[in-house]
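Chemist: Sequence:
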Amino acid sequence: MELSYKLEIFEGPLDLLLHLVEKNKVDISEIPIALVAGQYLEHVREMGDCPMEVMSGFLEMAATLIYIKTKMLLPRHREQEGEAGLSAEEEKDALVARLLEYKKFKTLAKELADMQEAGGRHFYKSPSLPAGLLDDIPRPDPQELLAGLAFADLYKVFCSLLRQSDDRVDPVRSGFGKIRKESHTVHEKMEELLAGGKRGVKRSFREILAAEPERMGMIVLFLAVLELVKGGRIQARQSDAFDDILIEYL
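First residue of the sequence shown? That's 652 in the numbering used here, and the numbers climb one at a time after it.
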């Protein structure tokens with residue numbers, strides 16, 4: 652009968668052992684040594700004329716499995732009278748620990764590979780400005796753009812509007828099904844804000860946020876405002892302590 656793993660390519664002895672454990676649908680901590688050892692040896696035979704540097708690792712693992720299997724077959728008193736090394740269970744536990752660690756790193760490696768593949772589908776524009784051109788252009792200082800305002804001031808207005816949004820929820824109608832508005836990204840909200848005014852135009856920060864009917868949209872819009880202030884595209888001003896915060900386009 653042809654083995655299902657005959658044509659598989661494994662990265663090393665632990666990779667093959669992990670495959671056999673998963674193939675037999677058993678928990679790693681409960682490796683059936685007798686069963687897995689036989690399957691492991693069968694696969695090593697199927698490897699044929701592999702280079703010795705490749706085969707050596709697989710042969711070492713096969714020898715370890717046979718050694719543990721043999722010790723598990725020995726009567727308990729014979730094992731205790733023998734060498735003062737690790738017991739069969741301790742040998743097995745050590746192998747399980749190695750296998751668990753390998754599985755953890757293999758899972759992480761797959762996640763990194765998936766991230767690399769996803770990143771490979773994106774294309775980024777190379778810098779088109781001559782080198783050194785931007786060195787003489789002063790970078791905007793977020794503190795100056797806030798004109799004396801602190802982040803806490805913006806956040807306070809944001810939280811008060813969120814509370815008002817919650818207060819407007821009808822307890823009866825909120826249980827009805829509704830069509831949800833398509834969500835927007837921070838970048839899209841930044842584009843909308845920039846399209847809503849030109850240099851010198853001032854808009855109420857409170858009114859900008861209050862125009863968003865959805866709580867999530869309000870959060871995304873708030874982040875978009877912060878990004879535009881950070882990038883020097885808009886400026887936040889407040890004349891007096893309790894006045895409305897105005898957003899000015901630069």
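It cannot be assumed that every hint is accurate.
Keeping only pairs whose Cα atoms sit at most 20 Å apart, straight-line, the calculated EDC-like set for lysine to aspartate or glutamate is [stated by the list, open to error]:
#1 K761 - D744
#2 K757 - E768
#3 K853 - E863
#4 K840 - E878
#5 K853 - E842
#6 K754 - D765
#7 K720 - E741
#8 K853 - E865
#9 K720 - E768
#10 K754 - E673
#11 K807 - E742
#12 K761 - E740
#13 K840 - E865
#14 K840 - D744
#15 K881 - E842
#16 K853 - D804
#17 K761 - E742
#18 K849 - D804
#19 K755 - E839
#20 K761 - E741
#21 K755 - D765
#22 K849 - E865
#23 K757 - E741
#24 K807 - E842
#25 K849 - E878
#26 K881 - E839
#27 K720 - E762
#28 K755 - D804
#29 K881 - E865
#30 K807 - E858
Derived from the structure by calculation, the hints contain no laboratory data.
Chemist: K761 and E741 were given as a pair; does the straight-line alpha-carbon distance stay at or below 20 Å?
Modeler: violated (30 Å)
Chemist: What's the verdict on K757 and E741, does the C-alpha distance respect the 20 Å limit or exceed it?
Modeler: violated (24 Å)
Chemist: Verify the proposed pairing of K754 with D765, using a straight-line Cα cut of 20 Å.
Modeler: Between K754 and D765 the Cα gap is close to 17 Å, so the pair holds against 20 Å.
Chemist: Need the status of pair K840, E878: alpha-carbon distance at most 20 Å?
Modeler: Distance ~10 Å between K840 and E878 Cα, so the pair holds.
Chemist: Decide if the proposed pair is consistent with the structure: K807 and E858, CA atoms, cutoff 20 Å inclusive.
Modeler: holds (14 Å)
Chemist: Take a quick look at whether K840 and E865 sit within 20 Å of each other, Cα to Cα.
Modeler: With Cα atoms ~14 Å apart, K840 and E865 stay inside 20 Å; holds.
Chemist: Is it true that the CA of K849 sits at most 20 Å from the CA of E878?
Modeler: holds (17 Å)
Chemist: So if I understand the rule, the pair passes when the alpha-carbon distance is 20 Å or less; does K761 with E740 pass?
Modeler: violated (31 Å)
Chemist: Verify the proposed pairing of K849 with D804, using a straight-line Cα cut of 20 Å.
Modeler: Violated, at about 24 Å.
Chemist: Keeping to a limit of 20 Å between CA atoms, is the pair of K761 and D744 held or broken?
Modeler: violated (26 Å)
Chemist: Holds or violated: K853 and E865, Cα atoms, limit 20 Å.
Modeler: Status violated; Cα separation ~24 Å.
Chemist: Assess, step by step, whether the Cα of K755 is no farther than 20 Å from the Cα of D765, and give holds or violated.
Modeler: holds (16 Å)
Of the numbered hints stated above, those contradicted by the structure are hints 1, 8, 9, 11, 12, 14, 17, 18, 19, 20, 22, 23, 24, 27, 28 and 29, listed in ascending order.
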